[in-house]
Each structure stands twice: as structure tokens, then as C-alpha cells.
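Protein chains in written order, with my numbering: chain A, 1 to 244; chain B, 1 to 63.
I should point out that these hints are in silico values taken from the structure, not numbers from a laboratory.
All values reported here derive from a predicted model rather than from experimental measurement.
Cβ coordinates follow ideal geometry from the N, Cα and C atoms, glycine included.
Do not rely on the hints blindly, as some may be mistaken.
[Stated by the list, open to error] Short, incomplete list of chain A residues facing chain B, as computed with Cβ under 7 Å:
(1) Val76
(2) Val93
(3) Thr136
(4) Gly228
(5) Gly230
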Amino acid sequence: MGANAVTTVYDFTAGQVLTAAQMDNVNCGIPVFATTTTRDAAFGGTGEKTLAEGQFAYIEASNTTQYYDGAAWQSVGQTSGLQYITGASFTSVASVSFPDGTFTSAYKAYKVNFYTTSASDTTITMRFRASGSDNTTNQYRAFSLGMNYAGAAVNIGGGNNTSMTLANSNGGGPGLTAFFDLNEMSAAIVHPVLGYCLGNDSGASIGYNVGQSFSGSTAFDSMSFISGTGNITGFYRVYGYSES
Amino acid sequence: MTKPLIQIGDEVREMTDKEHAEYQNTQKEIAAMEAAWKAREAARAAVLAKLGLTADEAAALLG
Numbered sequence: 001m002g003a004n005a006v007t008t009v010y011d012f013t014a015g016q017v018l019t020a021a022q023m024d025n026v027n028c029g030i031p032v033f034a035t036t037t038t039r040d041a042a043f044g045g046t047g048e049k050t051l052a053e054g055q056f057a058y059i060e061a062s063n064t065t066q067y068y069d070g071a072a073w074q075s076v077g078q079t080s081g082l083q084y085i086t087g088a089s090f091t092s093v094a095s096v097s098f099p100d101g102t103f104t105s106a107y108k109a110y111k112v113n114f115y116t117t118s119a120s121d122t123t124i125t126m127r128f129r130a131s132g133s134d135n136t137t138n139q140y141r142a143f144s145l146g147m148n149y150a151g152a153a154v155n156i157g158g159g160n161n162t163s164m165t166l167a168n169s170n171g172g173g174p175g176l177t178a179f180f181d182l183n184e185m186s187a188a189i190v191h192p193v194l195g196y197c198l199g200n201d202s203g204a205s206i207g208y209n210v211g212q213s214f215s216g217s218t219a220f221d222s223m224s225f226i227s228g229t230g231n232i233t234g235f236y237r238v239y240g241y242s243e244s
Numbered sequence: 001m002t003k004p005l006i007q008i009g010d011e012v013r014e015m016t017d018k019e020h021a022e023y024q025n026t027q028k029e030i031a032a033m034e035a036a037w038k039a040r041e042a043a044r045a046a047v048l049a050k051l052g053l054t055a056d057e058a059a060a061l062l063g
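Model the full assembly from the supplied sequences, consistent with the hints where possible.
Rendered as C-alpha cells:
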């Protein structure tokens with residue numbers, strides 16, 4: 001039984017003299033703290049409770065209710081399956097990259113949403129980045145299965161590429177929309193890009209099962225999207241798959 | 001002459017000389033790839049014409 005566990009729910013009478021143990025029992029509501037710093041400082045001092053399993057706290061700074069599991073503070077309630085990491089809009093640029101350090105050891109898997117408007121008339125390719133530079137070696141491989149709206153196969157395949165072709169984003173159509181997953185990017189392993197993409201070639205929509213990879217065993221902290229001709233406008237979002 | 005714009009996170013700036021050289025190489029590679037795609041599509045259209053089939057008929061045949 002932990003220090004915060006109780007065996008009695010008291011019912012006091014008027015004028016009753018309470019013992020310290022009874023008052024400790026009463027003093028078990030959720031205390032409110034300004035920050036996690038003031039929370040941590042509130043336990044274990046002279047006249048203060050010893051922090052123990054089952055203790056709750058409310059943190060004003062984050063508007064969260066937490067409980068102590070005996071080793072660490074945990075948030076009450078469900079944690080979102082996807083954690084937002086970064087995102088930005090871009091307008092008339094030739095290439096766009098996630099910030100350095102987007103991919104870290106905090107997540108095993110990532111979800112990326114990339115979008116360009118119909119004004120972006122180009123083929124878009126991707127590269128992984130590390131320490132502020134694109135990796136331009138010919139270790140990218142393509143195995144994307146595509147089909148246009150007429151039912152004709154429009155596949156993207158090949159090895160020894162210096163970038164990964166995502167799709168065309170030609171004018172007159174809906175632009176380009178892609179959702180894909182990445183694996184443990186901060187580890188020096190082979191990294192696939194697996195997902196879906198709707199592109200557009202000369203007004204003909206093409207859907208892809210996106211399959212690309214970097215065949216070298218390399219760690220990366222970002223990636224880039226590069227326009228083949230002209231500029232692109234749109235946005236991107238990066239999420240990490242929650243570990244719990 | 002100004003170089004193309006690059007955006008990293010929220011920062012938008014002109015490409016450096018190194019980035020611009022890489023970008024020009026990438027553009028050439030993409031152009032070559034697109035040319036290969038178009039050649040493949042032209043070859044496919046030529047075969048269909050030889051067979052007297054439309055794209056829809058070929059899709060029905062192979063689908």
C-alpha cells in the first residue's frame with residue numbers, strides 16, 4: 001500500500017479534535033500548481049507530504065491533470081495517437097525543407113502531409129536531409145504504383161536515383177496531395193517512404209501507392225521537396241506516432 | 001541574377017551557390033526522367049496504334 005492509499009473515508013462530527021493522520025487523509029484533493037516546477041517543490045520538504053504513488057496534481061501552465069505513478073508524473077486521459085511536430089505554408093519557392101531536427105529519437109514513426117496548389121506546374125521530388133544538407137547520393141529507389149483516371153498504369157520505378165519522385169503537380173488539376181509514413185529516421189537504417197499521393201499530369205489525375213526508399217544505412221533529421229521546373233505553393237505537416 | 005528561393009522551416013531565402021548547383025542538377029535529372037516517361041508513353045501509343053486499339057480497349061484487354 002502506497003503512502004497516499006487510504007483505508008477509511010472519515011465522517012467527522014462537530015467539534016471533534018482531529019489527528020494529524022486524519023488531516024492528512026482529508027488533505028487528499030487535487031492540489032493546483034502554477035507549473036511543474038512549483039509542483040515538484042511542494043513535496044518532501046518540512047511539513048510537506050512525501051511524493052508517492054497515487055498523488056494527483058493540476059498544472060495551470062498546461063491545463064493538465066497529472067498523477068504520480070511512483071516513478072514519474074503521467075497525464076490523465078487519452079493521449080493523441082499523432083503528435084504534431086511541425087508544419088508550414090510556402091509560397092512560390094523552388095524547394096521546401098522541414099526544419100533541421102524535425103526527426104529525432106522521440107518517435108519511431110512519422111506521418112507527413114504534403115500539398116501543393118494547382119498553380120504548381122511541375123514534377124516534385126524528395127530528398128532526405130541531415131545537418132542542414134540534402135543527401136544527393138544515388139541511393140534512392142522508386143517502386144510507386146500509379147494509375148490514371150482512365151485506368152492506365154503510370155508507375156514510377158528504378159534504382160540508383162539521386163532523389164525520390166513523388167508525382168507531377170501540373171496546372172489545371174487539383175495540384176498534389178500526399179500522405180506518407182516514415183520509419184525511425186534518427187537511426188542509421190534503410191528508410192522507406194510509404195503512403196498515398198494524388199498527382200496530376202496535364203489535367204489527368206493519377207493516384208499513386210507511394211513507394212520510395214533510401215537504400216543506404218543513414219540517419220536523417222529532415223527532408224526536402226524539390227520542384228523540377230518553376231515554383232511551388234502549398235503546405236506541409238509532420239506528425240509523430242505516439243509511443244503510448 | 002537572383003537565385004531561386006528555398007524555404008527551410010519558416011525561413012525563406014535565396015539558394016546558396018551550392019544549393020543552386022544541386023538544384024540545377026536535380027532539374028536536369030527530373031527533365032531526363034520526364035523525357036523517359038514521355039518516350040515510354042509514346043512507345044505505348046505507337047503499339048496501340050499498330051494494334052488498332054484505343055487506350056480504353058487496351059485497358060480492358062490487359063485489366
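Hint check results:
1. Val76: 33 Å, violated
2. Val93: Check passed: Cβ of Val93(A) comes within 4 Å of chain B, closer than 7 Å.
3. Thr136: Result: holds, 6 Å to nearest chain B Cβ.
4. Gly228: Because about 3 Å separates Gly228(A) from the closest Cβ in chain B, which is inside the 7 Å limit, the hint holds.
5. Gly230: 9 Å, violated
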